[in-house]
Amino acid sequence: MAFVPASALPVRPAVPVAEAGPRLRLDDMEGIETMRAEPARINAATGSREASLSRGDFAAIEETHLRIIVTQGVTAEPAPSLFVALARRAADGPNLSVTRTGERGRVDSKFGAVETMETGLAGSLNRTCLGFVSLEAAPVRLEGWLCAPLGQAPEARALVCALDRLSLDGHANPAVEAVFREADTRRDEGCRAAKPVTAAGEPAGQTGSIAVARRGQSKK
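Mind the numbering: the sequence shown is residues 1 to 220 in full-length UniProt numbering, read in order.
Be aware that a few hints might be false.
As the list claims (entries may be wrong) - What follows is a set of in silico ranges between Cβ atoms, one per label pair, in the way DEER data are often shown: (1) Ala153 x Thr185: 30 to 38 angstroms; (2) Pro39 x Gly123: 19 to 27 angstroms; (3) Glu62 x Ala113: 25 to 33 angstroms; (4) Glu189 x Met35: 22 to 30 angstroms; (5) Thr75 x Gly170: 22 to 30 angstroms; (6) Glu177 x Gly120: 30 to 38 angstroms.
Hints were generated in silico from the structure; no laboratory data involved.
Built from N, CA and C at the ideal position, the CB exists for glycine as well.
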């Protein structure tokens with residue numbers, strides 16, 4: 001079967017939502033990477049409401065780059081394959097293309113099972129990323145990718161911890177709020193634990209991870 005580049009897949013632009021709605025945020029974060037929570041919009045192809053969040057610059061190879069898209073109003077109908085979803089998401093907005101795919105896997109997150117796939121993304125440069133899509137979070141679906149710095153392949157554990165910190169910033173409809181509220185009862189304590197320190201004096205962590213904020217380090 002021939003490889004189909006992302007540029008060959010049709011992308012219908014999304015329409016911004018006029019009324020205010022919840023954005024996304026990542027809790028307990030630190031680091032130099034800029035976080036951007038984008039306003040909600042309506043997917044022109046499906047009519048579903050979407051919100052997205054990015055952290056780090058894809059074009060900055062020294063930065064971890066994370067992009068998460070949360071689709072609301074998902075039904076029980078079969079979703080596109082992970083490859084098709086990634087190709088469309090990469091072309092829509094970030095103007096990236098999928099250049100290769102690799103090993104597939106599955107991890108458990110606070111949102112349930114998540115399918116993963118090693119993915120090569122190309123824009124102003126090429127990066128090795130871990131694409132993902134949630135499998136159990138209807139009426140909400142999570143999609144996106146995590147790219148580790150300096151050309152490294154991100155670890156699945158880093159993705160689990162990134163999703164563990166995902167929260168709503170504002171009120172959503174009751175069904176969506178219920179998904180996030182239930183997910184928060186399954187948070188991974190290991191993602192919030194203090195990181196060990198290496199011999200060089202730097203915190204150790206997963207490749208592609210985004211550090212946990214350190215609290216209460218000084219007393220007045």
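Hint-by-hint comparison with the structure:
1. Ala153 x Thr185: 30 to 38 angstroms: holds, 31 angstroms
2. Pro39 x Gly123: 19 to 27 angstroms: This hint holds: roughly 23 angstroms between Cβ atoms.
3. Glu62 x Ala113: 25 to 33 angstroms: Holds: the Cβ-Cβ distance is about 32 angstroms, inside 25 to 33 angstroms.
4. Glu189 x Met35: 22 to 30 angstroms: The hinted range 22 to 30 angstroms holds for Glu189 and Met35, with Cβ atoms some 23 angstroms apart.
5. Thr75 x Gly170: 22 to 30 angstroms: For Thr75 and Gly170 the Cβ distance comes to about 24 angstroms; the hint holds.
6. Glu177 x Gly120: 30 to 38 angstroms: Since Glu177 and Gly120 have Cβ atoms about 36 angstroms apart, the given range 30 to 38 angstroms holds.
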